[in-house]
Amino acid sequence: MDAIFLQLLNGLDKGGAYALIALGLTLVFGTLGVVNFAHGALFMLGAFCAVSFQKLLTISMKVRDESITFFEAYKEVPYLEIWFGDFGSMIIDWSVPLSILLTIPTMLLIGLAMERGLIKHFYKRTHAEQILVTFGLAIVVQEVIRHFYGANPIPTPAPDIISGSAPIGLWLGLSENLVYPWWRIIYLTFSIIIITAVFAFLQLTTFGMVVRAGMQDREMVAMLGINVERKFTIVFGMAAVVAGLAGMMYAPILPPDYHMGMDFLVLSFVVVVVGGMGSLRGAVAAGFLLGILQSFASLNEIKSILPGIDQIIIYLVAVVILLTRPRGLMGRKGVMED
Amino acid sequence: MSDTKNWNRRDVMKAGAAFAAAGAAPMFFTKDAWAAKDFMNNPSNSSTVTLGFNVPQTGAYADEGADELRAFKLAVKHLNGEGDGGMMNTMKPSMLKGNGILGKKVAYVTGDTQTKSDAARASAKRMIEKDGVIMFSGGSSSGVAIAVQGLAQEMGVVFMAGLTHSNDTTGKDKRRYGFRHFFNAKMSGSALGPVLKERMGTDRNAYHLTADYTWGWTQEQSIKETTEGLGWNTAKAVKTPVGAGDFSQYITPILNSGADTLILNHYGKDMINSLTQAVQFGLRDKQVNGKDFQIIVPLYSRLMAQGAGENLKGILGTTNWNWALTDNGSQAFVKSFGSEYGFPPSQAAHTCYVQTLLYANACEMAGTFYPPEVIKQLEGFNFDGMGNGKTEYRAADHQCFKDVLVVEGNQNPSSQFDLLKIVKEVPRSQVEYDASIFGGDLGPYEV
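Protein chains in written order, with my numbering: chain P, 48 to 385; chain W, 5 to 451.
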């Protein structure tokens, strides 16, 4: 029972990340009709916003280790700690949550620059060409990050006070072995808040109404005198922010490295296909569904019956969905069916 | 009795020439015979000899590959008589003179393994066929080492492995043309055993998470043999996909398994991620069966230690070599590498540097580049002054035997490089084993 509950939490947590990335992918595909293979890179850039912010806060005075003469060995003491003592240490400790201040404007700017500088020139090209150019862009971004930050993952810990596990077993009157990391609980809550916020924005604001209308019939909205292109550029920026925030908050779970976006991108595309290309609700539902399925497939009891199922379950589901319902679980009729 | 008093200058010169011819005869019939023999990329007609350095330049192990490449370049520099000579000054016995190899200037080409077997083979093949390398070296993965070692045997070009820790490399997949200076999983287990007994006792319940490929399998097997030999129980051994990223679904079952020890048979990024997540799930602070929960990482590297950060503190593992060793060889290498690049070398750099020098020395000893003769010089070669104490390249399986380091994540580092603390230098005699236990066949000298 405990094991099942924990795997459910794992699945929801993982699903939260899949859903956030898939949501951005779907927004871009639904509005601009672009299959954006650089979306994983945006997730990675978000995580590196957290890394950069941490590096910024920990700019240090270097105290040389005099016992080493062959090279410069030093112990670093952050200036924030020198100037502000414990308060400085606390600010550094909270660098990941605080990096949201850097992530939102940075990712918005990156998103807008990407759309205006490259993507817009490929609106009328085939999906194959869009995939090629965005995949190429993803590789370029990835290699730039590797050049500056190296290939090794960079530890980006959560604040000390929430770095351990929550005793959820005790809260629920279950086993005391039932614990779950605080940061993962925060991540799940965060992903639900962001997803809700995006839906609320699209459902409850005039801007969102125009975007939804544009997703249904772009030409008709344009004929009404609305500058759809400008709105969609903003949507691209919004998708970049969502992916960036997903990556930034994931940094304490998975120490960021230049390749992390690519690892998530493939899975997120499967999520989008299963949920239905262009369906926001489908993307979110499929994200959580596949996250949960992947977690349960990793149970030792399941793996003893079906060895290796944990590694193929997501693709197996995708194959079944594509064979039986090509437009995905909640996809619009006609999309991806021809 | 001959009358030597009446010898004139011409007679002396004739006698001298005769003696010289007689003295040189064995060399004409051996050395030049090898030189004349047709073998892959015979450099006898060239003033240079080319070595191939096949390292991961892209992918997850690119940083490790970059450090290997730095070490190779340094080794070439020293072989050609430039720089301070590094370990060439401490290696014993040594026939290296700082004038290249057999008087030929050493040149090199590089390749990118991408830490993928097929890419590494393609890159090695290009080096052999297009660039004419006489030996190639490097790599950061056992899967890659085994793949390119097979190619080395097929093509008759010596491969001096870089970082590879699987027992299979010099076990069931050993090859006559492949040599490993780096230690292996069996040796890690043997070295860790006594330290684990001393620190954790003989009554433990261990849970393994194992990377699902050759290195992970052999490490799990070797560590299990060690821990079960101590009296520990193995609660479960779970294979995890390489590059899983999020290991939470594999970690949560440990919480209710009754295990009090987690052994992470992961390397590189996988180890960084699984350890970080295991600590987040509270395993390091957990108490099971009245004991403190322990995590063990049998194979460490400095780059992994950098990636894992604070999570690594106090966690035991093993390494092949560490820059903080104080023997003359290690210090000479650290000085040379540190002065050149501004930071200390990793264990991957160390093994690659040593491999290059060992190959060059074997050529000098053989007096030829002819691979079968070079191989014979490396087989059973005993040397010292290269870090890790007295070392032997065992002839039976081409595995180097030397002292192994048991280390732990440093609780209180004095600098950014002081990440691992040496707990014990386990003597070579404790990590030696019978070469036949892993099977395999080296194959022929002549290919």
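Please keep in mind that the hints were generated in silico from the structure rather than gathered at the bench. Even glycine gets a Cβ: it sits at the ideal position worked out from N, Cα and C. Hints are not guaranteed to be accurate.
To be verified - Derived pair list, reagent style DSS-like, types lysine-lysine, alpha-carbon separation capped at 27 Å:
| # | chain 1 | residue 1 | chain 2 | residue 2 |
| --- | --- | --- | --- | --- |
| 1 | W | Lys380 | W | Lys77 |
| 2 | W | Lys96 | W | Lys109 |
| 3 | P | Lys350 | W | Lys428 |
| 4 | P | Lys102 | W | Lys109 |
| 5 | W | Lys428 | W | Lys394 |
| 6 | W | Lys109 | P | Lys122 |
| 7 | W | Lys96 | W | Lys317 |
| 8 | P | Lys350 | P | Lys278 |
| 9 | W | Lys394 | W | Lys77 |
| 10 | P | Lys122 | W | Lys425 |
| 11 | W | Lys129 | W | Lys176 |
| 12 | W | Lys176 | W | Lys339 |
| 13 | W | Lys380 | P | Lys109 |
| 14 | P | Lys122 | W | Lys295 |
| 15 | W | Lys96 | W | Lys394 |
| 16 | W | Lys428 | W | Lys339 |
| 17 | P | Lys122 | W | Lys120 |
| 18 | P | Lys109 | W | Lys425 |
| 19 | W | Lys176 | P | Lys109 |
| 20 | W | Lys317 | P | Lys102 |
| 21 | W | Lys295 | W | Lys425 |
| 22 | P | Lys350 | W | Lys240 |
| 23 | W | Lys394 | W | Lys176 |
As the list claims (entries may be wrong) - These stretches of chain W come out as covered by chain P in the derived footprint (C-beta under 8 Å, 3 or more residues):
| # | stretch |
| --- | --- |
| 24 | 149-163 |
| 25 | 311-324 |
| 26 | 358-365 |
| 27 | 415-421 |
Broken hints, numbered, in rising order? Per hint list: 3, 4, 6, 7, 8, 12, 13, 14, 17, 19, 24 and 26 violated.
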